[in-house]
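Each protein sequence line maps, in turn, to chains Y and B.
Counting in my numbering, the first sequence runs from 1 upward without gaps.
Counting in my numbering, the second sequence runs from 396 upward without gaps.
To be clear about the criterion: a stretch of chain B counts as covered by chain Y if any three or more of its residues have a C-beta under 8 Å from a C-beta of chain Y, and this derived list gives those stretches: (1) 406 to 415; (2) 465 to 472; (3) 475 to 484; (4) 488 to 497; (5) 503 to 510.
These are computed hints drawn from the structure, not numbers from a lab.
Note that the structure is a prediction, hence the values are computed from the model and not measured.
C-beta atoms are modelled at their ideal positions from N, C-alpha and C, and glycine is treated no differently.
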Amino acid sequence: MAKYAEKDCAISGVGQSEIFRKPQVLPFELALRACERAIADAGLTAADIDGVACWPMTPAGTAYGFGAASIPDVCQSLGIRPAWWSEASVAAQISPIMEAVAAIAAGYATHVLCFRAVGQRWIPADGGAAGEGNHPAPVAGYEFMIPYRAPSAANWIACHASTHMTHYGITREQMGWIPVVQRRNAGLNPQAIYRHPFTIEEYLQARMISTPFSLLDCDIPCDGTTAVIVSRADAARDLPNPPIVIEAIAAGGQERMETWLARPDYPHMALHDATKRMWNRTDLKPSDVDTAHLYDGFTWLTMVWMEAFGFCGEGESGAFIEGGQRISLDGELPLNPNGGQLSEGRMHGLGFVHEAVLQLRGQAGARQAKKAVNVSAVGAGGGSLGGAMLLRRES
Amino acid sequence: MEGMTMETALPPRNLPAITEMNNYFWKGGADGRLHILRCQGEDCRYWIHPYAGRCPSCGGADLAPEPVSGRATVAGFTVNHQPWIPGVPVPYVIAIVELEERADLRLMTNLPTIPIEDVHIGLPVKVCFEPAPGGVFVPLFEKA
Numbered sequence: 001m002a003k004y005a006e007k008d009c010a011i012s013g014v015g016q017s018e019i020f021r022k023p024q025v026l027p028f029e030l031a032l033r034a035c036e037r038a039i040a041d042a043g044l045t046a047a048d049i050d051g052v053a054c055w056p057m058t059p060a061g062t063a064y065g066f067g068a069a070s071i072p073d074v075c076q077s078l079g080i081r082p083a084w085w086s087e088a089s090v091a092a093q094i095s096p097i098m099e100a101v102a103a104i105a106a107g108y109a110t111h112v113l114c115f116r117a118v119g120q121r122w123i124p125a126d127g128g129a130a131g132e133g134n135h136p137a138p139v140a141g142y143e144f145m146i147p148y149r150a151p152s153a154a155n156w157i158a159c160h161a162s163t164h165m166t167h168y169g170i171t172r173e174q175m176g177w178i179p180v181v182q183r184r185n186a187g188l189n190p191q192a193i194y195r196h197p198f199t200i201e202e203y204l205q206a207r208m209i210s211t212p213f214s215l216l217d218c219d220i221p222c223d224g225t226t227a228v229i230v231s232r233a234d235a236a237r238d239l240p241n242p243p244i245v246i247e248a249i250a251a252g253g254q255e256r257m258e259t260w261l262a263r264p265d266y267p268h269m270a271l272h273d274a275t276k277r278m279w280n281r282t283d284l285k286p287s288d289v290d291t292a293h294l295y296d297g298f299t300w301l302t303m304v305w306m307e308a309f310g311f312c313g314e315g316e317s318g319a320f321i322e323g324g325q326r327i328s329l330d331g332e333l334p335l336n337p338n339g340g341q342l343s344e345g346r347m348h349g350l351g352f353v354h355e356a357v358l359q360l361r362g363q364a365g366a367r368q369a370k371k372a373v374n375v376s377a378v379g380a381g382g383g384s385l386g387g388a389m390l391l392r393r394e395s
Numbered sequence: 396m397e398g399m400t401m402e403t404a405l406p407p408r409n410l411p412a413i414t415e416m417n418n419y420f421w422k423g424g425a426d427g428r429l430h431i432l433r434c435q436g437e438d439c440r441y442w443i444h445p446y447a448g449r450c451p452s453c454g455g456a457d458l459a460p461e462p463v464s465g466r467a468t469v470a471g472f473t474v475n476h477q478p479w480i481p482g483v484p485v486p487y488v489i490a491i492v493e494l495e496e497r498a499d500l501r502l503m504t505n506l507p508t509i510p511i512e513d514v515h516i517g518l519p520v521k522v523c524f525e526p527a528p529g530g531v532f533v534p535l536f537e538k539a
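Only chain B is shown next, with the shape it has when bound in the complex (with noise of 0.2 Å):
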């Protein structure tokens, strides 16, 4: 594999439809940042993952995506030996981070750049992107 980048030689990912509701997560990455949504009231400002129409902290309406910092914790991880997607090389990492602006702001997400035996529950990561067709960012992340 060396010499070869590996992301570009897989087949595309099984993408949302991106939507009114969640185009600022899949799309925000364009500015290197990732976005979550957040409460706008000044007394909450509670992070709301995933979205929806009122804050479930406050009950408040007015809600914005805001780019948080990016840093994560590994919460938990799988190693996937299984191919269930041709074409896509296993064994891979699917892993559960943490977002240092709250602990229970967890993402799915793949650690595709992070030697699997270093992979740890506790692994300080940052958020990185992967670019997909019509303007996507997928978050991923890597070593912090």
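Okay, chain Y solo, but in the shape it has when bound (with noise of 0.2 Å):
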């Protein structure tokens, strides 16, 4: 096998700032927070950091938004010199950690900070927007779909979803139970937002919101940050905690918005590519995998998810979840132990990294895995974005 050069670097550190479904504290703030927690969990200081990446794109000065918090503002905040610092986009929402290996690869940081700082609730910038008819004209990406008086993500997924389950004969009856097993993992998560179990049957009931998505098959907006350290390997090592070492990541292809309705293996998406070009990296088989943490932003994305990792054959998973012990703590495959981005709240993307590390370092608390946590799958974005990668705790 060629060397790939994630397996020399390790998540040596994670923190996370508190989670809030209202606006409470200034969104840049708990950046700070969940920053300074996942340097102190590693064991370093701010003047061991020598590189910084976060996802998306974020100007200096921002204090709240869809990216709440920027590199030279954080690094201004916690006297950070970095000699190298990202904002690429290529892996959804685990970008910053595709791009850490590639810093640590070429020798230009050691240990890398990666932070998704989210905000959106602090102003009432979605909502408020649409709410007012005030609606900026889309640019290329989404001119071709938000005319259609399609302005949310549930509409756009809501399309694929419809086509893979129709064809499937998958049924809301079998998505329901993603959001019910998250849900009872979620009461045993102090961070997470929603922590009331409900049943399938009250699922069932929920306000239909795009279908076949209802309110429970959305994610929670939230304000909240999720930070992780990428070290070199040998220098983890020295540090606290067990390394996780990084076995395997990838990125899906890097598309505009419309042309993922265009592929030709619809209603396949960027996320596909993801963890097929994962698998090319390593020699660990999907059957190896302990605990996934699987993108939640609509059920439908979750499902799709454990069939192109491979936990299940195509079009398999409505009968893989139905019922739910399968996917349970103590089941074959613990999905989402913290509750997901369902019920602990969008804390996009790193929040799937930040669990999954707690998992293989056995410190996850009431919500541990029953099995022994030695491999984990991590699956983050949907539509034209889809990061894949792979956690293991050193052998």
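Assembly of the complex is requested from the two constituent chains, each provided in isolation within its own frame, with the hints serving as guidance.
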């Protein structure tokens, strides 16, 4: 097998801020807390951090919004003097980790601070603008979608879901087990926004947003930040926590929003490219994976991530999750033990990485998977973006 | 709603700026036909959507919009219930249709004249147009 640089990189620290459903603390402040916690968790100081990566591109002076903290502002606040930084978008929300691997391999950095700062609740940016009928004109990438009174990703992903679910006979009664099981997990996670369980019958009664997605199929917008330290593996071995090695990481195609409608393999998406490329970089197999941390902006995306990773066959995710047992904490493939974005809140990709690292370290407390956790899979994104990663304990 | 022309009662669609790149699509419906960019290479003739500067199939630079038949098939759809846009009544259908010229030539669209309960994957449809300010004709689809 060729030499892949991520195998010489490890996650040495993770940190998360408080997560708020309503505006309570300035999102930029939450970003600083998460970064401070991740650096401390790694046993490092700001002086040790020589690389910084975030997603998405965020201009200096930003304190809230889709990206709530900029790299220059975080560095200025924490006294970091990075020799390298990146705001690339190649692997969806886990792009900072893929970028960090490249920087470490190139010798630009040894310890890279990666963060995803979300702060859309602080201002009525999205809902408010739409509520007032005050939409900006759609730009290239969205211009063939937005004019069709389809302003939300819920609408776009729902069309794909209808094709896939109809073709394979997957039902909402099956899909509902993802939010039901994840909410049960969230009851064990003090960080989660929503912790009260609901039944599959209650799921089926929820208000419809855009078929087949009801309110309980859509993730929870929130304010909060997750931060992760990616270190050169030999440098990570001297640090307090066991290094969590990046076994493989790969990106999906970078497409215009409309081109993912036009793939010859519709309704496949960029995430199918990401998982395929990721498996090409490892000798491990889907059966080696102990926990799954899969993007759940909408429940159907999680099902497709399961199929794309090969945890079940194409079109078999409905049968796989039905009843919930196999994806529960004591099942064969515990799924999103933190409750995922459907219950914990939309920490947007890096939240899955944070949880995978805790599970691999055995530090997930009441929601620790019952089985031994040696390998975890992370899938981030949907539609035109996809990033897939395998993490493992060092053997 | 009987006797009322629904489309004219709705607030305007949120349309993109019309540019040299996209005007054939948004304004091309003035002649009642849907126009899609096409490679002019004799041996290629590949349809291209969204627009590009070279043919993704043969690399050719000679590209021009041409009318398509307007016939298509519903490939996927959602019934939107969320009132995202003030003044637009819900529910309404957002669909992805495949043009008959090639299956992976897909457009997102609305099917305003088709009763929601009649919409299904595989439904044959044909293009129609909704006039909008600035000489724009928004391509929509109706029962074939």
